[in-house]
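As you go down the protein sequences, you meet chains D and A in turn. Heads up: the first sequence runs through residues 1 to 524, numbered per the numbering used here. Heads up: the second sequence runs through residues 1001 to 1524, numbered per the numbering used here.
Treat the hints as calculated values from the structure; they're not laboratory data. Among the hints, a few may not be true.
As the list claims (entries may be wrong) - Quick list of in silico lysine to aspartate or glutamate cross-link-like pairs, DMTMM-like style, CA-CA up to 20 Å:
1) A:Lys1157 - D:Glu68
2) A:Lys1159 - D:Asp135
3) D:Lys521 - D:Asp455
4) A:Lys1007 - D:Asp135
5) A:Lys1272 - D:Glu143
6) D:Lys159 - A:Asp1135
7) A:Lys1381 - A:Glu1396
Claimed, not checked - To spell it out: a stretch of chain A is covered by chain D in this simulated footprint if at least three of its residues, at any positions, have a beta carbon under 8 Å from a beta carbon of chain D; those stretches are:
8) 1151-1165
9) 1175-1181
10) 1266-1273
11) 1423-1432
12) 1468-1474
For glycine and all other residues, C-beta sits at the position ideal for the given N, C-alpha and C.
2 protein chains.
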Amino acid sequence: MSQGIQKNSSLTFHRNNHFLSVAASLLPALQQTRLQPTALVEVVADASEVSGWKTEKCALPASLMQRELAAGDELIIDFGTHCVGYFGLRCAPAGSPPDAPAHLQFIFGETPAEMAEPFSEYNGWLSSSWLQQADVYLDVLPELVRLPRRYCCRFVKIKVISASAKFNLKLSDIHLNTVTSADTTSLKPRHHPDALLDQIDQVSVLTLRNCMQEVFEDGPKRDRRLWLGDLRLQALVNYQTFEQNDLVKRCLYLFAGVTREDGMVSSNLFMKPDVIADDTFLFDYALFFVATLADYIAATNDQQTLEDLWAVAWRQVELSLERVGPNGILQDSADWWAFIDWHESLNKQAPSQGVLIYCLMKARELARKIDSEKVTLLTAKIDELKSAVMEQLWDENKGFFVSGAEQQVSCASQIWLVLAEVGDNDFRSRLIGRLLADPPEIGMNTPYMMHHFIDALISVGNTGCAVQEIKKYWGGMVRAGADTFWELYDPKRPEFSPYGSKLINSYCHAWSCTPAYFIRKYGL
Amino acid sequence: MSQGIQKNSSLTFHRNNHFLSVAASLLPALQQTRLQPTALVEVVADASEVSGWKTEKCALPASLMQRELAAGDELIIDFGTHCVGYFGLRCAPAGSPPDAPAHLQFIFGETPAEMAEPFSEYNGWLSSSWLQQADVYLDVLPELVRLPRRYCCRFVKIKVISASAKFNLKLSDIHLNTVTSADTTSLKPRHHPDALLDQIDQVSVLTLRNCMQEVFEDGPKRDRRLWLGDLRLQALVNYQTFEQNDLVKRCLYLFAGVTREDGMVSSNLFMKPDVIADDTFLFDYALFFVATLADYIAATNDQQTLEDLWAVAWRQVELSLERVGPNGILQDSADWWAFIDWHESLNKQAPSQGVLIYCLMKARELARKIDSEKVTLLTAKIDELKSAVMEQLWDENKGFFVSGAEQQVSCASQIWLVLAEVGDNDFRSRLIGRLLADPPEIGMNTPYMMHHFIDALISVGNTGCAVQEIKKYWGGMVRAGADTFWELYDPKRPEFSPYGSKLINSYCHAWSCTPAYFIRKYGL
């Protein structure tokens, strides 16, 4: 099994109807806003742009009123910002009575690349069905076209595939009814004196906002799903921004509501046609149920939720400890047992050990509030795991932690074992210093991993460097024109995609929205 | 302006609300029948077939229950007969929970060629939007898919464009809810002792049935419109079969309800979004309003309709006579002023003269019933026009009528002037004999023109030859597997299309359904 896919379709799941009904009662209302295009644009190749493309404004939307479109004509509209919602327009005939259906094609893109590079050439391993397009045949004109699917875009390419020699088409009332469960009136206003950090904060907030739907989605283009790893980070940003804590609560009850027969929470859930737990189980994501619950309780002090969900959290602790070998180190395997980062070569053992210790500390926070008998046990386990790390994963010569049978040195291992507070402050500070001075070959591929890097920097008191790295990395996306932060960004490899094509990458992705958390929580 | 297109979008039309309300009151109910596939088939190249393709049964529909379809899989279902209606199926996931939308493509075909030859290579001049296809993205599975457009097909190709590595698709409950306003319980039963004629009769009836919708459509795949030339022939078949005479009445009132400012009826009407007269005006089609009304009155003796519509019919007579030159012959022109046949090289002058005389005789039938003062005038005009034909269009050396400045000899000219009863019986009989023995180079391209050929044969008493020609021509389509008769058929040129591609030809076309009229009316 390669990274990125598990198939366990014969598993049995347990449904907790009480938890599911609590979650259902917290279904948020969606706010709608009608957006209109701000411009008609052209997409132009430009090697200096990260994506290889840029847009140039070529006309005002009002110019469409005068324009008749014939077969083969196309135009690209720009809504001026990243948006999620339902697309519509009015299509009227011009000329003789329409003597054939009108065939329109719509292509939706978060980026100029999706407007420029044909979907027909997509060759990635994720389903091409994520590429957002629609072909519409209008038998009767004029017609108000309202596409039934929810799209995620800044740009829409509209192409007249065919009308007829007897009539052209006139388009008007082009709009996108955006949807989000984020209530902007509840957003804590904040203006950072540093213009770039201010912009990064705003882009973070829009990223979170566009991912806030009936659940915290990972990305509104793809996968549009509730993933635990994303949820944990979204919740952290939410406490500093929209404070819609009931949405976090809803998501926790959803994960607790459908578990594997042995009690393990899934890595992600589907909401339709019913709440369905995916059959992908990840060591780190399951443990993040504990961390997300602890963060939620810290933010809300919601005792009832803690009472309801503590047993589920504790079960994740138990299951994760089953993977610890007699030497106090997690058993490694070649399959996709933990996520950590999108990285084909990354060994997951040491970073997962870090996640385990980190989440046991989160569990101890909770145990202190509800199940104090377990505190001693947890402390003993945490110490035992930390000692095992120092004894077996620390390589004094390299000055780094190593992971797996091949003693791999990766950024992820250092970062997670720093977050797990292995070694004293001084040790961790020096380790981070080495990481900055002499980064291991196995680096970081996602904003998700970058989040933990920033978190680690702050944890050792290096906020100056944290600000610098945020400005460099997320600022790089802003400079590249991002309205929302991306699932993947490597300035040195702009084409990077773990899926085989950047066209299928998500350009509004929850795990990338955490600068607002750092900026606001730590007053960066 | 070439044959096949007129653009007169600045014309003003007159609406007669009384006529339109009578038409609206006669809107027929549609009968629905749920059809299920009879087989899964493969399409195989076969040069001995007219279309170059044949189908071979490869599985029973029930085998789909056991079959999981992955991206790239496709299947072709066969409904066993030509049908018109609404397509649906149930699509369920198999395997892990669906982690991506399912993208299905449906291609509908009246013929195996539409299953085999990619629409993307279509290069005809009619709008490609007539090629029947749909791309569907299913965000939530299982899903009951019901395509909103009406399709016309015997075969449906279903292609899984993408699912994902985690799930496949299972299809079930594939169906087509057929629609027609033809009431089969009112169909006069008839079994012809000659097996081929019996089959031709049945195929004719199915052709008419599938064209009977809210109006008499020309073809349910394309143009799906009320054309006067088709209506006239459909009405003739209807009187011998379904006898749904109110549908003929409705169509007459529709044509009378929206006329050009000067009173000319359009060649065709659109029904949606409202009754709209097309801006295509054809000399022959306008005159067929008179013929169709006369045939309707002959079949029904509906005096009220005659009283209502006589003025409209008479106006067509007046307008058509304006085109007659001082020499008693219609003025020719290079544009698409009369239809007669789909034939780029056909000169329309002489055949249109025949249509004019034919319809003046129909007008005289009506005048005798409602406006006897005009009978004398009409008789004088008919005689004058006939004399002019004999004086100016008859070429004694060639033994044929000639047409236009270049004195073209065509089948159409001879046929229409025979139907116009120019010359005595013996003259016409000998003319038809020469036509059979030594057919002019400018032949007949459509079943529509073939209808008039058969009609002319019968008019001179040559029913044996009529039967032979019906068996040869329409029997050829039956032998080629036709469930319904085609818009175009030339056994020597199977690829013939006036539109640039046989893919866009209609394979259930009203003007081709007249053998049932001849067989039943004349007891062939």
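Status of the hints after comparison with the structure:
no. : hint                  : verdict
1   : A:Lys1157 - D:Glu68   : violated, 34 Å
2   : A:Lys1159 - D:Asp135  : holds, 16 Å
3   : D:Lys521 - D:Asp455   : holds, 11 Å
4   : A:Lys1007 - D:Asp135  : violated, 28 Å
5   : A:Lys1272 - D:Glu143  : holds, 11 Å
6   : D:Lys159 - A:Asp1135  : holds, 16 Å
7   : A:Lys1381 - A:Glu1396 : violated, 24 Å
8   : 1151-1165             : holds (count 5)
9   : 1175-1181             : violated (count 0)
10  : 1266-1273             : holds (count 3)
11  : 1423-1432             : violated (count 0)
12  : 1468-1474             : violated (count 0)
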